[in-house]
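Here are the chains, one letter per residue:
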Amino acid sequence: MTGEEFVSAGAGEALASPAPAVRLSGITKRFGSVVACDEVDLALERGRIHGILGENGAGKSTLMKILIGLVLPDAGSISIDGVHQQIHDPLVAADLGIGMVHQHFSLVEPLTVWENVTLGEVGRLDPESVRNRVGEIAEQYGLVIDPDARVGDLTAGLRQRVEIIKCLRRDPSIVIFDEPTSVLTPEESVQLFDSLRNVVAAEGRTVVLVSHKLDEVLHATDDIAIMRQGSVVDRQSAAETDAPSLARAMVGREVSLRSERAALGLLDDELAAARMNQATMNRADPILRVRNVSASGAGGVTLLNDLSLDLAPGEIVGIAGVEGNGQRHLSDLLSSLLPLAEGSVEMNGQTIPTGRSGAMARAGIAVIPEDRHDSGIVLEMTVAENLVLFDQSRVARHRMLDRGELDNFAREVIKKFSIACTGPDAPMWALSGGNQQRVVLARELAKRPQVLVAAQPTRGLDVGAIEYMGERLEEAAGDGVGVLLISSELEEILDLSHRILVMHSGRVAGEMGRADVDIERLGLLMGGAVA
Amino acid sequence: MTAPFATQTSQARAGEWFVLYGLSVLGALLLSALLVEATDGDWRPVVNALLDGSVRGKGRWGETLGAAGPLLIVALGTVISGRAGLVNIGQEGQLFVGAAFATYLGFVIGGPGPLNVVLILFFGATGGALWAGIAALLRYWRGVPEVLSTLLLVTVGAQLVAYGLRYDWLLLAPEGDRGNRNQVSEQLADDNRLPRPDLFGNEFPITVYIAISLAVVVSIVMARSVWGFRIRMLGRNPRVAQVSGVSGTHYGATALMLSGGFAGLAGACMLTGGAFAFGNYQLVPGFSANIGWTGLLVALVAREKALIAIPIAFVFAGLRTGSSFVGSTGVEGRVTDVIQGLLVLALLVPPAVMFFRDRHRARVAAMGRV
Ligand SMILES: Nc1ncnc2c1ncn2[C@@H]1O[C@H](COP(=O)(O)OP(=O)(O)OP(=O)(O)O)[C@@H](O)[C@H]1O
Ligand SMILES: [Mg+2]
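In the order they appear, the protein sequences are chains A and B.
Numbering-wise (numbering that gives the first Met the number 0), the first sequence opens with residue 0 and increments by one.
Numbering-wise (numbering that gives the first Met the number 0), the second sequence opens with residue 0 and increments by one.
It should be emphasised that the hints constitute simulated quantities derived from the structure, not laboratory data.
Owing to the predicted nature of the structure, the values given are computational and were not obtained by experimental measurement.
There is no bait here: all hints are sound.
Covered stretches of chain B (in silico footprint by chain A; criterion: 3 or more residues with CB under 8 Å from a CB of chain A, positions within the stretch not fixed):
1) 213 to 226
2) 233 to 242
Ranges between beta-carbon positions, derived for each pair:
3) A:E345 with B:M353: 47 to 53 Å
4) A:G422 with B:P310: 28 to 34 Å
5) B:L136 with A:S295: 26 to 32 Å
6) B:L29 with A:V107: 37 to 43 Å
7) A:N197 with B:A222: 53 to 59 Å
8) B:V352 with A:P126: 31 to 37 Å
9) B:V146 with A:D125: 32 to 38 Å
10) A:T421 with B:A351: 27 to 33 Å
11) A:G526 with B:L151: 52 to 58 Å
12) A:P126 with B:N289: 42 to 48 Å
13) A:L110 with B:V352: 24 to 30 Å
14) B:A351 with A:R398: 33 to 39 Å
Glycine included, each C-beta is placed from N, C-alpha and C at the ideal position.
Extracted from the complex, chain A is given alone in its bound form (with noise of 0.2 Å):
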């Protein structure tokens, strides 16, 4: 811990040494009983990239957006390269040079790339001119993007990096990422912080990388603080240390080799193994049939093309794919949010109609969605509502929500599923971004469905709640409940599921058993080779 010292780092040694870019001293953020920064003492220096690791809550999120003005702290003090500075408005920190990439997407859907990426600009606009600027940073950090694509037409991966180019466009000497690399591949997220490393270097500029993914935040960044229950419990140097020791500074304990794995991305052949042999014997009759569906968008751009698949109760099937092929559009078909050109889906032989508000989950299909914030939960509605947003049955009476019943449903849930809030009427939006996933998780769950959609259902999770996911997703396939695990991580799928169908243009490119899978192959059915 060197919180002292930098306590202790008075005027004259700032004269001494450069000070750091970033100082944050005592910073405290209370909101009702909860403490989200307890007294941070924090130096971010110039020419270095800092990690920030912590669990779900640990109060990360509410330090960064201290940082630019969005949450004032009720107690310390910030400087700016040594000077004191008052930052209680986003606009002094942009006058500081701080610029910060979110948690959660704020874009204007029906725009276009560059639109949005001048959003907010006054005085005259050349569109010509930010075009350019968009494919300059685009070149630069590897974010390659069609400026006049549509945003509401774009992946969540594309979309993160319209908010990357947004932030970078403007040059800031401090950049504050919060969890950008959620919905970024791997690759794409080392060449992003490759490019950003030879800036900070060449120019002597700050970056602060929040994430949940340790081998990233190893490979990334130079300095680590590690924050628990709103304080910063260790730093570490990304050079001395390894994952296991980071996971046991954030979590306070050791942390088993599951989570490690998942976090790590390795893979447990045996284990996979032994799943395997379990899931071909419990091979029954699908439960959910997807019979040649198609659908196509606005404007005629086919979203699902002559898509099938089955789904056995007890199975997990991983739909493994890029972004971008038809992924969204499945979840959303099985969420009764996409009215179907043509084809069919079958619960137990039973048709349902697509599109009807609600009959996919009256048929017993449970999803997760991809973007929560879309389609998974009210965020100006309380966490208890939340909970309850499907069926409002167990916690009414003669059609009047009974108040005390929901509160002793949602304390339970809240328990069982650790979701740190101050409480069930704790509005959604107070909660942190792994709390609000856990929320769907547990309404999902409650549902007692028969299928269960989950789609990138470890978004935002950290790295014991990962672990916790699937647990809960294996349990549930064991109860007897038809798993579909779309992710574009090809860990977690390898990790999780019995069979493996690859998505590719709006429909299933190939499949293959756990047991057999060929990395290679997989590869080249992810991209189109294989026919």
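Dock chain B with the ligands against chain A, hints included.
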């Protein structure tokens, strides 16, 4: 971005609201005073007239309460559609059509007896609901935004009722009963009117009690009932509602029609409650007397909270009855209109300021200017 602006403590926010309201009302009063002085008037008698007209004068607060009732009922309907994420701005028309429905059926089916009053109120609500139902149909069948359709239906409604008032097989009173007026309905019989009990020398229809009870009911239904829960879900995140089986068409159309129903009920209450400004128990052109528009403002200022709408409705009613007295001070009529407008604006400014400030903060953050 998760509501970044909501990070202040609620206490600090309450303080801000207080200061904002204080400042903007003060500002409006100052401007009004300046205006009166500039037009060679004297501001003191104007203030006195405002107070006399709304509360101080004999029987005046009864008059104010009489106006507050329908205002509140209209606002409550607006609260419901607003919570469902719909923008109904056609209350003025729904109210008028509702009143016409109530008049017509009241006389067709009508007979003597207090039971008929209940029927008339019911017909009023039905008429308003059906009128809003057209907008609902257009929206969910053809995708026409309800902002447009409800607004256009105000004009159409007014024309339609005016047409009805020209023919005695529709709404027009029979030859002998209409004196020298040519667009007026028959007057409701004594036993077809709402009671107007006297309270401390002030007389007003029981509409006020109906409205306040409805406010409590709406507040409870929105916050506590399964239906209200689903409406809120639909308003806040229609996609989640779609996944969960809360059909936008079904719940949205219901909310819009309820909203129109409330406006129609307000119209029927004005008809049966009687007050000279509202037509003296008969339907006339211009019967709606801006109660629909003002009720919409009440809901806006109350920011979709049914209970908060109660005091706001009283304030707006007071402005209305008070400014009718200002004319007698010799200040020009148009100046009174401006003053009333300024005071209404003063009540609308704080929510707008807060809205824009919050949005600005959120946007500054969201648009990557930081
Ligand atoms: N505006 C707010 N109102 C109330 N509580 C809040 C608010 N913002 C954050 N919190 C609480 O503060 C704690 C820290 O939240 P924060 O978002 O900083 O976590 P985090 O470390 O970013 O977690 P994650 O990894 O899940 O994103 C959480 O318990 C959260 O519920
Ligand atoms: Mg966070």
